[in-house]
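Residue-level listing of the chains:
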Amino acid sequence: MNRSLSFEIFRYAAILTIVALSLVPTLWMASMAFKPIAEWSATGADLTWWPKSPTLDNFRFLFGESSSDLIVALDRTAARPILASLLSAVFGTLIAMVAGTSAAYGLSRFGSGGNLPLALIQLRIFPPMAVMIPVMIMWAFLDLIDTWYGLALVYGIVTMPFAFWLMKTFFDDMPREIEDAALVEGCSRLRVFWKITLPMMRPALASSALFVFILNWSDYLIGLLLTTRDWVTIPVYMASLSSSMTGQLYGAKAALGLIAAIPPVVLGIAIQKHLVRGLTFGALKQ
Amino acid sequence: MTMAALDTNTPVMEHEDTRDSRRLGIWLTLPAQILVLFIAVFPILMQVYISLTDWSPLDGIGWWQAHELWNSFANYSDLMADDRFWSALGRTVLVMAICVPVEFLLGLGLAILFVDDFPGRRFLYSVLLIPMMVVPAVAGYMFFMLFQSGGPVNDILSFFYGAPVTIAWLADPDLAFFAVIVSDIWQWTPLMFLILLAGMVGVPEDQLRAATLLGASWATRFRTIVLPRMKTIIIIALAIRVIENFKVFDNFYIMTGGGPGVATETISIYIYKVTQQELIWGYVAAVALVILIALSVVSAIAIKRMSRGVSQ
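Which chain is which? The protein sequence lines are A and B, in order. Residue numbers for the first sequence follow UniProt numbering, so the first one is 1 and each next one is one higher. Residue numbers for the second sequence follow UniProt numbering, so the first one is 1 and each next one is one higher.
If you are wondering where the hints come from, they were derived from the structure by calculation, not from laboratory data. Model, not experiment: these values are computed from the prediction. Honestly, I wouldn't trust all of these hints.
Claimed, not checked - Within a straight-line C-alpha distance of at most 30 Å, the following computed DSS-like cross-link-like pairs (lysine-lysine) qualify:
id, chain 1, residue 1, chain 2, residue 2
1, A, Lys-273, B, Lys-247
2, B, Lys-231, A, Lys-273
3, B, Lys-304, B, Lys-247
4, B, Lys-231, B, Lys-273
5, A, Lys-195, A, Lys-273
6, B, Lys-231, B, Lys-304
The task is simple: from the sequences and hints, build the whole structure.
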């Protein structure tokens, strides 16, 4: 479509304005992460947008080094919460992918589990807060509160619908001739699934798993409800980054926020092609 | 781009070995079925049970003995009279009524700007998607910092106003409400943009070219060709945002904790606070159950209507 020069100018102006606005919060946090305490907060005029004397102190502080400027030191470093977020998100992804992929294959090829699609949509519609009360009681009963595996189990169940719908659309798209040929050769159904279908689906499995991982990594509420001390996740831990002496530890919060924000942004851009499919439950493919 | 929306009846082309296949199919779907039972069916039954009692984790009796604290339907009648619950519900709907249309219009506008190629398109597209990939809780901390009285928002305002501005955004009920809305729009406009652009790119080029040759203006082409083609995608995008927005918790709770007062208390924050502070779990179970039933009814109707719309 031919469009005039004035449209092109308008387009760039509009897009660049919106891009700039949408970057401000992220860049502010990134800049804050490298600011020394003197530049954290400011009253009116002396606000610094870019760190005047950039420092890695905030990151060092997070991992236990006491800072002379801050006076305080953390009694618990950020290392454990990072591990908690990683372990629970990775194993949650594993659970979601195993259950979701096999169910998707069962439905896609054998039509079993016909109740699952709607049940999983329903599960997705429910606000986690409204479902979590009995889960909290059950988890306390089963001694799963404040464990990474208890958290991983809930993550796995909560994100399984995404794994299921994503993999179902990938299986539906896959030509069946290859599977049929292997069946004619005398392979069992299970062997075909294991030896032929799954290896062929490797890219689809990888992008679905990354998508599910991003969702798990992004959780706050479930971690808040199910972890109390030893295995609190990153965002839950972040709330504790303030002290009575210095108030909000903005720099430390920003540094940890940056650490938490990087994996999903990088992975999300890497699987950009499949984001639409994942977010719309496979209703829309790009 | 193809549509497979809500296509729950996958055609099954089976010829031989149907019995073995069926057995394998059942085995394959078993883990998922167990997980659904574990997280959905069993907890909901438990929730029904507890919601009929005065049970709280502090009573020292196990949840299975909650029937000793049976209170008939007192929780449900309390709920009817609970102003804080109804105002939280109303506020959640209000947030949705503001956020979803704004995100939709901004996303649609951006999608129109991005629909055909221009230098730098791919790069700017990726950059625009960043906000929705930021962990929502982290976004909450970001906006918490932005809206501090010595923060950058006031700094920008000071620049335009010409004098120092020191508004305490998150301490004023109306301004705090505005601030949490801004954070939601910032984070989720990219999602609308992403989905709507995918739909817009799928509109057949030749139809548009033919219409152009016939002298149809850009606005006419958009209204008569592009929009009707995007109907389903628009419905899906809106549905996703309505569903997700109703659950909103992370960034709101981190920015304001639902306050000042109850100025930004959505339904999820309300339930959380009652669970944590007042510890009357029997009552919370009743609240949550009412929400779940209402959502099930609404979504069942919506899904039915949507699948009819899609199959047309």
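Here is what the structure says about each hint:
For the given pair, A/Lys-273 sits about 26 Å from B/Lys-247 by alpha-carbon distance, which is consistent with the 30 Å threshold. Distance restraint check for B/Lys-231 and A/Lys-273: the Cα-Cα separation of roughly 22 Å lies within the 30 Å cut-off, and the hinted pair is therefore satisfied. At roughly 22 Å between alpha-carbon atoms, B/Lys-304 and B/Lys-247 fall within 30 Å of each other, so this suggested pair holds. About 39 Å separates the Cα atoms of B/Lys-231 and B/Lys-273, which puts this hinted pair outside 30 Å; it is violated.
Among the hinted pairs, A/Lys-195 with A/Lys-273 is consistent with the structure: their alpha-carbon atoms are about 26 Å apart, no more than 30 Å. Distance check on the hinted pair: B/Lys-231 and B/Lys-304 sit about 16 Å apart at the alpha-carbon level, within 30 Å; holds.
Of the numbered hints listed earlier, the single one contradicted by the structure is hint 4.
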